Structures are given as C-alpha cells and as structure tokens.
Amino acid sequence: MAKRGFGQDRIVPLALHVDYWDYVGWKDPFARAAFTTRQREVVALAGSRVVYTPQILINGRDYRRWSNERTFAADVKIINDRPARATIALGFNLGGQATAEFDATVTNVDPAHRTDAALYVAFYEDGLATNVTAGENKGVRLKHERVVRELLGPFGLDQSGKTTLHRAVVLPPGAKIAGAAAFVQNRRNAEVLQALNVAACTG
Numbered sequence: 398m399a400k401r402g403f404g405q406d407r408i409v410p411l412a413l414h415v416d417y418w419d420y421v422g423w424k425d426p427f428a429r430a431a432f433t434t435r436q437r438e439v440v441a442l443a444g445s446r447v448v449y450t451p452q453i454l455i456n457g458r459d460y461r462r463w464s465n466e467r468t469f470a471a472d473v474k475i476i477n478d479r480p481a482r483a484t485i486a487l488g489f490n491l492g493g494q495a496t497a498e499f500d501a502t503v504t505n506v507d508p509a510h511r512t513d514a515a516l517y518v519a520f521y522e523d524g525l526a527t528n529v530t531a532g533e534n535k536g537v538r539l540k541h542e543r544v545v546r547e548l549l550g551p552f553g554l555d556q557s558g559k560t561t562l563h564r565a566v567v568l569p570p571g572a573k574i575a576g577a578a579a580f581v582q583n584r585r586n587a588e589v590l591q592a593l594n595v596a597a598c599t600g
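If you're matching positions, the sequence shown starts at 398 in the numbering used here and goes up one per residue.
Hints are computed from structural coordinates only; laboratory data are not their basis. Just so we're clear, the structure is a prediction, and the values are computed from it rather than from any experiment. Certain hints may be false.
As the list claims (entries may be wrong) - Distance condition first, Cα-Cα at most 30 Å in a straight line; then the derived DSSO-like pairs of lysine-lysine: (1) K474 <-> K559; (2) K573 <-> K540; (3) K540 <-> K474; (4) K573 <-> K424; (5) K424 <-> K540; (6) K535 <-> K424; (7) K474 <-> K535.
With the sequences and hints as input, model every part of the structure.
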C-alpha cells in the first residue's frame with residue numbers, strides 16, 4: 398500500500414488469513430479458525446452472509462472497489478477527512494522466546510459509541526511467502542504483507558469511554574513481528590472509530 402501512496406497516516410491494513418479453504422488439500426500456514434469466525438461475524442453485522450477471499454473490509458463493510466486506484470484513493474480520503482472518534486496510544490516491546498508486551502490507552506471515544514466500542518490489538522509480519530500445492534492457485538508462490546499473527550480483544554471500555562491496558566503476548570514460534578496495530582471498533586455495527594500502527598524497532 399505504501400508504494401501506492403497510502404502511508405501509515407492514511408490507512409492501517411491488516412490481513413487475517415482464513416481456514417475454510419483447507420479442504421482443497423493445502424493449508425495456509427497463517428490461517429486461523431478464529432479469523433474465519435471473525436470474518437463471518439463482521440460481515441453479518443453489516444447485514445450480509447457472503448464471505449469470500451480476498452475480501453476487503455473498510456470500516457467493517459465489504460469493499461469491492463479497491464482495484465480502481467482513483468476510486469479507492471477518493472474513498473480513503475473521505476474517511477481520513479472525518480474527525481477522529483477515538484484517541485489511541487500504543488507501545489510494545491518484543492521479548493525472547495516469541496513473546497511481547499504492549500501498553501495501550503484509549504480515550505476520547507465518541508459518546509454515541511462508548512457502550513459498544515472495544516479495543517483490538519494485532520501483531521503482524523511482513524515479507525512472507527507461501528508455495529501453494531493445491532486448489533486454483535496450485536503451483537503459485539504467494540507473497541504476503543501485514544499478516545496478522547496474533548489478534549487480541551475485544552477489550553471493553555469504561556463508562557467514560559476509556560481503557561488502559563498492559564498485556565503480555567505469546568506469539569507463534571519463529572514469528573518476525575514487523576509491527577503492531579490497534580483499532581477501536583463498534584461491536585454492534587463493526588464500524589472502526591480509529592486505528593493506529595506502530596512499527597517494530599529495528600535498531
């Protein structure tokens with residue numbers, strides 16, 4: 398996305414790999430049943446039962462115009478121009494033995510969303526690739542970015558629309574975490590109120 402001009406200040410993409418194609422004889426090593434469940438739940442909140450891959454969701458809604466660069470840019474600008482409806486602070490440290498710790502704070506949540514809003518934190522990898530051995534992509538080497546390796550939440554907010562968290566996380570063995578993202582989402586309609594990305598320290 399960055400190569401197309403969509404930096405971290407404009408969009409926070411996350412890829413959750415699903416497992417419902419396992420039956421074709423090749424299992425995606427990054428897929429999780431929990432991500433399949435989440436896809437179905439979020440789509441249902443928007444009033445649909447149709448799930449597919451790759452399915453692009455923006456603000457909790459199925460979005461099929463992503464391949465038209467001009468249209469996509471215009472739609473992203475509309476979202477970026479809206480006032481933020483929550484404030485997020487996020488920091489994390491990667492430890493040894495596939496562990497991490499993070500601190501997250503949410504404040505200033507729009508009063509209209511406080512009852513249903515929740516915080517989610519995702520740890521992701523970049524630069525991954527898989528060789529597909531079955532199905533319609535058999536023989537293809539797929540490259541992946543922003544692959545979610547761990548998704549935590551929902552963490553509810555207090556009555557004033559705030560929360561402060563400190564958590565330890567166990568990550569998949571061998572995962573080379575490139576960053577973490579936090580987002581506040583309405584659990585009733587799947588609308589995303591704010592999102593934030595923090596890259597891993599490489600120094």
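Any hints from earlier that this structure breaks? Give me their numbers in increasing order, please. The structure conflicts with hint 7 only, although it agrees with all the remaining ones.
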